[in-house]
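Novice: Sequence:
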Amino acid sequence: MNSVRWYSRYSASLIFVGVLWLLFAGSSLHAAWDFTTIQQRADKLYGPASQNAEQRINGWQQLLIQQRNESELAQLNAVNRFFNQQLHYREDIDIWHVIDYWATPIESLRKGEADCEDYAIAKYFTLRHLGVSGEKLRITYVKAIRLNRAHMVLTWYATPDAIPIVLDSLTDNILPATQRPDLLPVYSFNDSGLWLPGSQNNKRVGDSKRLSRWQDVLKKMREEGFPIDE
Numbered sequence: 352m353n354s355v356r357w358y359s360r361y362s363a364s365l366i367f368v369g370v371l372w373l374l375f376a377g378s379s380l381h382a383a384w385d386f387t388t389i390q391q392r393a394d395k396l397y398g399p400a401s402q403n404a405e406q407r408i409n410g411w412q413q414l415l416i417q418q419r420n421e422s423e424l425a426q427l428n429a430v431n432r433f434f435n436q437q438l439h440y441r442e443d444i445d446i447w448h449v450i451d452y453w454a455t456p457i458e459s460l461r462k463g464e465a466d467c468e469d470y471a472i473a474k475y476f477t478l479r480h481l482g483v484s485g486e487k488l489r490i491t492y493v494k495a496i497r498l499n500r501a502h503m504v505l506t507w508y509a510t511p512d513a514i515p516i517v518l519d520s521l522t523d524n525i526l527p528a529t530q531r532p533d534l535l536p537v538y539s540f541n542d543s544g545l546w547l548p549g550s551q552n553n554k555r556v557g558d559s560k561r562l563s564r565w566q567d568v569l570k571k572m573r574e575e576g577f578p579i580d581e
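In terms of our numbering, the sequence shown opens at residue 352 and continues consecutively.
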């Protein structure tokens with residue numbers, strides 16, 4: 352797959368308050384994540400978390416602190432590795448007993464299990480929290496050619512017209528899209544827009560509000576205590 356084809360188609364052990372900064376696309380607003388409140392709300396919504404779940408969430412907090420001053424490439428590698436190692440892949444029907452369900456990062460870490468879109472969502476919000484611009488990140492729906500199935504990854508663009516780097520639940524290695532000929536892009540989105548294959552010069556062709564499951568994720572995260580704008 353050549354470059355034009357791609358980007359044209361495409362607590363038990365520790366509880367503490369994480370004071371970190373989240374930047375949302377097109378906004379200079381900084382908002383803190385209060386993990387004490389988030390875990391309390393999650394317990395109320397989903398029931399008490401297991402010790403293993405609390406350890407995974409604590410590990411997430413530690414990752415955010417350890418990576419906040421690192422380069423973006425270092426953050427991409429660390430975040431991709433963390434979720435690939437912390438979450439065990441399972442189908443939605445086995446985790447949630449429905450055909451298609453988009454989980455929040457807290458839901459995924461509490462379960463310790465995730466489908467491909469849940470990995471991408473967790474990585475997206477983690478990198479946004481670390482200060483990576485929303486303009487550089489897109490959750491990308493692809494066809495995994497070798498697996499002959501739909502798949503979802505996170506892509507990072509150094510510049511708007513750059514070849515994206517792919518963060519994939521199938522591998523800890525982050526690679527340029529030109530080195531992933533096994534993935535055929537279908538559409539991509541973030542919290543500000545929607546892109547479809549064939550869009551000229553990589554321009555936005557719609558609003559991610561069209562994606563009902565994405566809006567459900569944002570709604571659930573607000574209920575969990577994450578300061579996400581309407």
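Hint data in this document are derived by calculation from the structure and do not stem from the laboratory. Incorrect hints may appear among the rest.
[Said to hold, decoys possible] When the alpha-carbon atoms are kept at most 30 Å apart in a straight line, the in silico DSS-like pairs for lysine-lysine are as follows:
id	residue 1	residue 2
1	Lys-570	Lys-395
2	Lys-570	Lys-560
3	Lys-571	Lys-395
4	Lys-570	Lys-494
5	Lys-560	Lys-571
6	Lys-462	Lys-571
7	Lys-395	Lys-494
8	Lys-560	Lys-395
9	Lys-494	Lys-560
10	Lys-462	Lys-494
11	Lys-560	Lys-462
12	Lys-462	Lys-570
13	Lys-571	Lys-494
Fair warning: this is a prediction, and the values are worked out from it, not measured in the lab.
Novice: Let me make sure I understand: some of the numbered hints might not hold for this structure. Which ones are they, in numerical order?
Specialist: 7
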